[in-house]
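> Assemble the complex: chain A is given as a structure, and chain B must be docked to it using the hints.
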Amino acid sequence: MIDSLSTEMPSHDVLLVGGGGAGLRAAIAVSEVDPDLSVAVVSKVYPMRSHTVSAEGGSAAVIKEGDSLDEHAYDTISGGDWMCDQDAVELFVNEAPREMLQLEHWGCPWSREPDGRVAVRPFGGMKKERTWYAADKTGFHMLHALFQTSLKYRSIARYDEWFVTRLLVEDGRVQGVVAIELMTGRIQAITAKSVILCTGGCGKVFPFTTNANIKNGDGMSLAYRAGVPLKDMEFVQYHPTGLPFTGILITEASRAEGGFLLNKDGYRYLQDYDLGTPQPKPVLRSMELGPRDRLSQAFMKELDKGRTLEGPYGPYVHLDLTHLGRKIIDTKLPFVRELCLKYENIDPVSQLIPVRPVVHYMMGGVHTDIRGATPLDGLFAAGEVACVSINGANRLGSNSLTELLVFGARAGQAAAEHALQDKPLSTGIEAQAADEKKRLEREFLHKTGGTESIADLRREMQATMEKSAGIYRTGALLEEAQASVAELKERFGRVAIQDHSHTFNTELTAALELSYMLDVAEAVVECALHRTESRGAHQRIDFPQRDDERFLAHSLVSHRPGDRPKVEYLPVTITRWPPGERVYGRPATDAPRG
Amino acid sequence: MAETITIEVARYRPEQEGEPTLQSYEVPFNKDWVVLDALNYIKDHVDGSLSFRWSCRMGVCGSCGMTVDGEPKLTCATFLSHYHPGPIRVEPLRNFPVVRDLVIEMTDFMEKLQSVKPWIVREDDPAPAEGEFLQTPEQLDQYKQFSMCINCMICYAACPVYGLDPQFVGPAAIALAQRYNLDSRDQGEQERMDVLSQHEGIWGCTFVGECTEVCPKNVDPAGAIQQYKLAATQDWFKSFLMPWSKR
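Just so you know, the protein sequences line up as chains A and B, in that order. Take the first sequence: its letter number 132 is residue 132 in the working numbering, and every next letter is one higher. Add 594 to the 1-based position in the second sequence for the working numbering, that's all there is to it.
Hints are computed from structural coordinates only; laboratory data are not their basis. Fair warning: there could be bad hints in the mix.
Label pairs and their calculated CB-CB ranges [to be verified]: (1) A:PRO561 to B:PRO608: 49 to 57 Å; (2) B:TYR677 to A:TYR472: 37 to 45 Å; (3) B:ASP759 to A:GLU487: 56 to 64 Å; (4) B:HIS676 to A:PRO280: 37 to 45 Å; (5) A:GLU430 to B:THR800: 53 to 61 Å; (6) B:GLU665 to A:LYS447: 38 to 46 Å; (7) B:GLN792 to A:PRO561: 34 to 42 Å; (8) A:ARG491 to B:THR800: 56 to 64 Å; (9) A:PRO375 to B:PRO722: 27 to 35 Å.
Just so it is clear, the structure is predicted and the values come from calculations on it, not from any experiment. Note that beta-carbon positions come from the ideal geometry of N, C-alpha and C, so glycine has one too.
Next comes chain A alone, as it looks inside the complex (with noise of 0.2 Å):
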């Protein structure tokens, strides 16, 4: 089995790539649509290991007396510097509390108000409490309520530990993929109808990121190399609360509780870049819980302007949270300080956090439509590895959660009705995979005589990343970049892999995820270099501007083998919402009535 392409190939209806909240929510809405369909969940991880596990404050939906749809839709899209699609946060606003409602049926343990109804709490950039939360383990929770609900459906096939290296195309249509099995090093073709891609993010393509390891912009790389565009690669979010060293997210739930983020002289500087004026509790769009682009600008500035602290791991601000009290911290926030204790040594109790932002998710991602189509027959793509767009230039916080479950609800219905279409596989089909398992062995399995280094190359990406594509840009490092970029991916064709086994092994597949990540990482620089205006989280100092006239349209980055790039543009859709100025902090002059 070892060293042949099985020639059974394992067929199913829908593959999906990924198992986080995505991945799960798509498999169950296949399995809804129609109990026969096979589902098979091709995941590198066990499906609970995947990184939605690690989000902590909330998910966000209208729920609440006083709280409307509109407005939900308003905060997102003038939170994404109006780049979000309007049609698309339409029916995310609106399908929200359905999901929401859903996950609590099958067992997740959002917190409670006295009465036993779910609790929500403000949250950043929101005009309105709608963030539902299970303490500040929410992400944890979500993941787990649907991994063990997932257990349930018969149909479901899962492939845990199978990397995935290749979509298989033929005619036009995806047909499958190729996948390492890592516990035996068998290299495997598993053909389906469908396939959706819900492999998460790309945060470690930067070098400081709360982002796991598992974050390698896998599926964003699949697709791109199968022809599919990618869109918005240059909306890079920044929180602005991790912690120095490990980029250990401190949750913006520990500012809607009441935290306070000050300069080294104790003031809160927020106040100085027009996002209201401090309270001594949270107010909604203002301050603290202004939008994480502009926060995490904010703390550029104060570094400018030598206000920050200097640690052993670079500048950092302190979020203050003692003035909470111990009850709210240990109630709102256990996992905050659960993470301050263990890794710092800091109880935020009494103490001030070190923070300074940190890379934190992609709003970009796979170009997909409203039902998580891509261009390609029968690929779709859900989470945070897609680009629908209901995020814009810059995301809000407890919008990704709710999004997971919407849009892999929608790509796992709309993959379940291609299934059933039920076209033949294509004849090429088991060449195409063979192919790509001598490719692997010629290109890492049995290469000898590499001599570049994995982490080397892995570094040098990342301190690009950080020095051109970070919170503030410029053309002309984002053009040395693109060189960079470029050199680097040619250098990773004489990567060295000393292990040549077959069992879990874990150097190829830290190759194949450095791959993956140069993909991303060139994707991400072209857009930037392209976008010349300033929008949410793309800040360029030589075009500090927005600009409507050219640039309210969405990038599409497509891979052209053997050279750059191509970058086009699509026109972002506006339903009711006219491009207008965001407003944090004071009265907004076009925010809806009533």
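Just chain B now, with coordinates in the frame of chain A:
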């Protein structure tokens, strides 16, 4: 030269060697580093063939459980400084077959988890649109701690019963069964009881409580097992004394 510390790592590559061996590596001693950072240093700079699982590095994904100086630990939450001046021995979790190096085989747990029906069981199935099931904070507290299990396998590595009898459902799976039994939204306790009572293993648990002691998330599987034993005993007496009563 900066200070270093010795890490003795259990190596096992089944395609090359029949038995695990220990290999020593010198790594920089950095007070901010956890054991996992040292392993990554080795992988990146010394020996790319060393295999281990890890992902979140914040103690919530459950991937990086290993035996550190004889104790089962999450290596992302275990500081080198705790073992200074070393050496530190890192081995795979005990009580599991070893796939390679520090990677254990855990398919057995995955099957056991599924067998205890860790999902909400309802006789009725109201549509989500009808609204949430009400659950007060006090009702949430009944099962909350059991819902904190990250499936890291550390309790299985510490469990003397599982070590002797691999048929034993084990601490985490029983804690998760109890997590649903105690959830006010659930109606599946009897179904789970039927599953758990099929095997004798649970009665072998002597309430020494190693599982609870080692749990990095302060879950109390030993408590879950005792609660289950009590319920099962009552159930048995009930069926014996009142055979007419509906179970």
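> May I ask which of the numbered hints given earlier this structure violates, with the numbers listed in increasing order?
Numbers 1, 7, in rising order.
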